[in-house]
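Chemist: Dock chains B and C against chain A, hints included.
Protein chains in written order, with this note's numbering: chain A, 1490 to 1818; chain B, 3 to 197; chain C, 904 to 1110.
Since the hints were made in silico from the structure, they are not lab data.
We put the beta carbon where it would ideally sit given N, CA and C, even for glycine.
There are no misleading hints in this set.
Using C-beta positions, here's what the derived DEER-type ranges look like: (1) A:I1807 <-> B:M152: 23 to 31 angstroms; (2) A:E1681 <-> B:A6: 47 to 55 angstroms; (3) B:Y10 <-> A:F1519: 42 to 50 angstroms; (4) A:F1519 <-> B:A6: 41 to 49 angstroms; (5) B:E177 <-> C:Y922: 29 to 37 angstroms; (6) C:I951 <-> A:F1519: 22 to 30 angstroms; (7) B:A156 <-> A:I1807: 20 to 28 angstroms; (8) C:I951 <-> B:G74: 42 to 50 angstroms.
Only pairs whose alpha carbons sit at most 25 angstroms apart, straight line, appear in this in silico PhoX-like list of lysine-lysine: (9) A:K1799 <-> B:K166; (10) A:K1568 <-> A:K1550; (11) C:K936 <-> B:K170; (12) A:K1799 <-> C:K938; (13) B:K167 <-> C:K936.
Derived coverage of chain C by chain A (criterion: at least 3 residues anywhere in the stretch with Cβ under 8 angstroms from a Cβ of chain A; other residues may be distant): (14) 949-959; (15) 965-974.
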Amino acid sequence: MDVAFIIETIVKIVVILLIFSALAGLGTYFERKVLAFMQRRLGPMHVGPFGLLQIAADGIKLFTKEDIIPQNVVKPIFKIAPVITAATAFMASAAIPFWPQFTAFGYTVHPIVADINVGILYVLGVMAIGLYGPLLGGMASANKWSLISAARSAAIFISYEVITGLSLLAPLMMVGSLSLIDINNYQAGGIENWIVWSQPVAFILFWIAAFAETGRTPFHLVANDHEIIDGFGTEYSGMRWGLFFIGEYANMFFISFVIAIIFLGGFGDGTLAGAIQLILKVAFFFFFFLWTRAAWPDIRPDQLMWLCWKVLMPIAVINVVVTGIVMMF
Amino acid sequence: MFEAIAFYLFAALTVVMFTITVVTSQALYAITAMAAGMIFISAFFFILGADFLGAIQIIVYTGAVMALYAFGMMFFDTTRKVVEKRVNPQIVFVLGVLAAILVVAIFVAPIVSNNIHALYPVQEGVGNSQAIGMVLFTKYLVPFELAAVMLLVAMIAGIVLAGKKMDKSLTLMTEEDIAKAHPQHESHHSAGGHH
Amino acid sequence: MHHEEVFTNRNVTESSAYYYVDIESYPTTGWDKFKQVVRRTFSGELFIGLWVVMREMIKFDIHTVQYPKEKLPLGPRYRAVHKLLRLWESGYERCIGCGLCEKICISDCIRMDTRIDENSRKEVTEYSINLGRCIFCGYCAEVCPELAIVHGPRYENASEQRAHFVIKDDMLTPLDLLKAGAQEEYPGFGAIIPGSDDAVKKTPLAY
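Chain A extracted, bound-state conformation (with noise of 0.2 angstroms):
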């Protein structure tokens, strides 16, 4: 392990930290807009032009907010629940392939943190742990309404977590490789090599559950205003709610990421043209997390667990079986 390597890392870990927390930024000011237009509104515009400036006023408000930490909380929990969300957010990028190794100045880079050899797992065990920032947020605050946000968020997790594991089981009994870039370069052939062809369901089925992971609206049930305020992050102010966003910001393109590259050829052959379109990939399927959250409305806690335990689980649980008989044969 020599310097350079050690070097190269920390560059890279500084980079993506500080592009994702940007993108966070941006991505509200996204959802902020492509929900107005979707709703005849025009969304912010005065600060800067078209309201571009509004991240920057966001930012330093969140920043310069007094924070509050309240009197039955219990102190160190309340506090290091923001950070656990955040953190776990952005070290499960370490294993994702951002980008297709390029060579600048005679250098060649690999725009992956550390290329482990089961980094799809990796990727979902660490956002799993994502878990823990609502789960100990909420049972910290004194709140009910975090409470039952933390009750809501462990529910969902353990539970989409089977969905998620068991759907991406049959994509990777086919590739043989829980690599991501392994994942990629087995779909390198073109658009007739995505994975989505071969494995509609699991495609179908990670994509449900990667609403459910990161929380976003069809199952926004963990921090859903009209039933539990803003649920863990009821008692929350300051930079310390705001890293509870970057955190699910930062998730959203991840996932995006992930659902990119396994299902819809990532990178391709790594050439400018795939790395290109897997940017345009994962930028749909960001705006469909907005997109969605425009057009449908919430469900219910409890058709949350029918939906996962009565419908997703046995599709996937055939879709792994049937896979696995027509690879035998």
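Modeler: Structure of chains B and C alone, referenced to chain A:
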């Protein structure tokens, strides 16, 4: 060198975390420290090059098992401290120390006698998960299948125990049906009426 | 853009526009439930929803009023902060100090002081409305026999103190504006409705 630094760092963190789990009287500290300890344990797997086991450690223990503990935690008032009733602290202390010594002895014995060596050395060109699959489905096939059957039995038993009256909905039943299905309710009310 | 709706007959009849929504009963058997789930899953309603919002985004038919830059027109009977009017010819205040508004005010927010001045006219020395309590019901304007107090269209009430809007001098039309003809005879709340003379029936004397 980096591996040594990482090992001692995570070893210290793990020990500290599990100490907090045992010592603290605040339930929320205990569960947080335990979850953190489970994650730090996965670091050892990564240091040893067992990526698959490390990821599984995170998913299974931190993601699933600890979240189930968290469900149990919902019954506590986490803002209060748990008051423990210690009848005889000396016995607890002595037994605890004895148990610790026993565990250390069990784990140290093979190291002291130089009896420990890798049965399945790392094979070149074979991924981590493949290596585990080979071992699981050849040498340890019977224990693996037995564990699977046991889990299946446990799952079915859990569903049967929890799902006894799941097809009945009190909101959809009439008063008479409820009274018929729950006769103890009726007797309870009439008993209350006599007082 | 004043829109008048004709409410001549509000009774719900067979011929009216009301109709019962056709809600199917909940399925009870497992097979019926399964059929319902399958039907709902593949009916594509979710995609209709997606298409509707996407269509609105593409049409870009924005309905936002960018408030400080553009403002919505107010209806003539809009009830915002009160105004005290003057007589056109003499410039005297219309208020005769009868105290009816003070009496009728259901939130007790009007307060006035009067005295008999040197011309033996009743003069209003103090007149204030506590806007923190006022519910803008319009009773004061309605009860005023002289059309002296009316509701104006001023709804932007930013100031350092709430009391700034409610002193008599602020509500009363200034004399110079009156001479310039700037006082508007108010067609709004409290004013006589056009054609109200026709609506007046003679008091029957037969009984």
